[in-house]
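> Given the coordinates of chain A, assemble chain B with the ligand onto it according to the supplied hints.
Residue numbers (our numbering), protein chains in the order written: chain A, 1 to 197; chain B, 1001 to 1138.
To be clear, the hints were calculated from the coordinates, so they are not data collected in a lab. Please read these numbers as outputs of a predicted model, since none were measured by experiment. For each residue, glycine too, the CB sits at the ideal point set by N, CA and C. One thing to keep in mind: the hints can contain errors.
As the list claims (entries may be wrong) - Looking from chain B toward chain A, a few residues come up when the C-beta cut is under 10 Å (computed):
1. A1008
2. D1029
3. A1058
4. L1061
5. H1069
6. A1113
To be verified - Far from chain A, by Cβ distances over 12 Å, these chain B residues were calculated:
7. A1047
8. D1075
9. A1077
10. T1078
11. S1087
12. G1088
13. V1089
14. D1097
Chain by chain, the residues:
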Amino acid sequence: MTGSPLDTLRRIARAPRPPAVERCGMCATQVAPEHSHVVDLQSRQLLCACRACYLLFTDDHAHLRYRAVPGRYLGFDGPVLEERDWDELQIPVGLAFLFHNSSLERMVAFYPGPAGATESELDLPAWERIAARHPALATMRPDVEALLVRRGKDGYLVPIDACYELVGRLRTLWRGFDGGQEAHAAISAFFDEVRSR
Amino acid sequence: MTWRKSAARIDALLAASPEGEAVVREVADLYGAGLERLLDLLHARGALTDEALDALAADELVGGLLLVHGLHPWDAATRISHALQGSGVRLIELTADGVCRLSGPGAEDRVTAVAPEVTRVEVQTVIPVSALFSRLAS
Ligand SMILES: [Zn+2]
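Only chain B is shown next, with the shape it has when bound in the complex:
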């Protein structure tokens, strides 16, 4: 079972019995504390190099778990830019109140997956010059 299926299964189980949230919270806290300790121990021994930290941050599962526990080393703009790689869409702006402006459509889900602090995704629409002229002409 991949981690995605695991996560979906947790969602389904909690939807069926919401009282399970209390247990999930305790278990999540325990694992979060474990992750934090793990990073501390590595850092104390100089093993948490920039390269190692970036590899952890860039991994979808590990990075996602670090985000769950507020331990992700990258700021939101870095996380978004990284997630947008290969999509042909660029991050134009991330405002202080969480509005994320993208250069084009089709990458909104990539943003919300890595940046829970984003409150709204706006896609800049560019009207081709030809359309402008035809509109003026009509």
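Here chain A stands alone, though its shape is the one from the complex:
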């Protein structure tokens, strides 16, 4: 039976997908679905890393281009940012992550949206005020750990790759100005996961 000229495209587009094989971004070894990441400090990109490569970049003080993302999660009691902090940040959505960018030598704040993550101004006095209220923030490691917060709700110290994952999940779901119902459901689900860690 001859069919349409588009049969080949149809076969390919409708075929079941083989599971994607993930590889180490440094040495190309295949890695398990649960694996660690390293941050490229120049491009801010995450690279999947095998155990051996990951361990090469765990020293915070080494002058290297890559840095290993640790796995710890830390909860805080109550909202970490106060209403005044949120107002000053001028973040249009009630969700943000803050981390120390060592190339810029300052704290930066990002919030999710349809285009990915958008940076928002974070001035030093505002951060110093927040850090003074929560001594555990002094242990937050530059570039690889972030403070993930929801306005009026909870806040956590999380690995930076968790923030990237959240941004990635939301990017495709985001509708309208505040994200819409689906995005909010995804945010709730994500924070439930974080809380359980």
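Same frame as chain A, but now just chain B with the ligand:
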């Protein structure tokens, strides 16, 4: 280059280097997502009237691409009946397990081109009454 030549060229290139399928799949997914978004945007603005949708569905190229991405608005029987127009052949039946019965020969390719879900095409053969009598007589 017409779209038919394009499609044939894709077939030939993939036959020569099957590893290209992975790239074709990603590109096809991207365009499929784009088509779906396009229809959603038009629909949200009330621009996807029955007339517009039927024109898209009836177009051989656009309809074919919608079919590639599982976005075709017509069911299989409607697609087959439409493709049979002008052939002198009618669709008698499309069974749940994909058997398509046609009233006469010569239109099988039209069916398979628009209905990939068809598993077999059967052509009803009609023996003229005169032949029946002569057979009985022999
Ligand atoms: Zn490696």
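> Does the structure break any of the earlier hints, and which numbers would those be?
3
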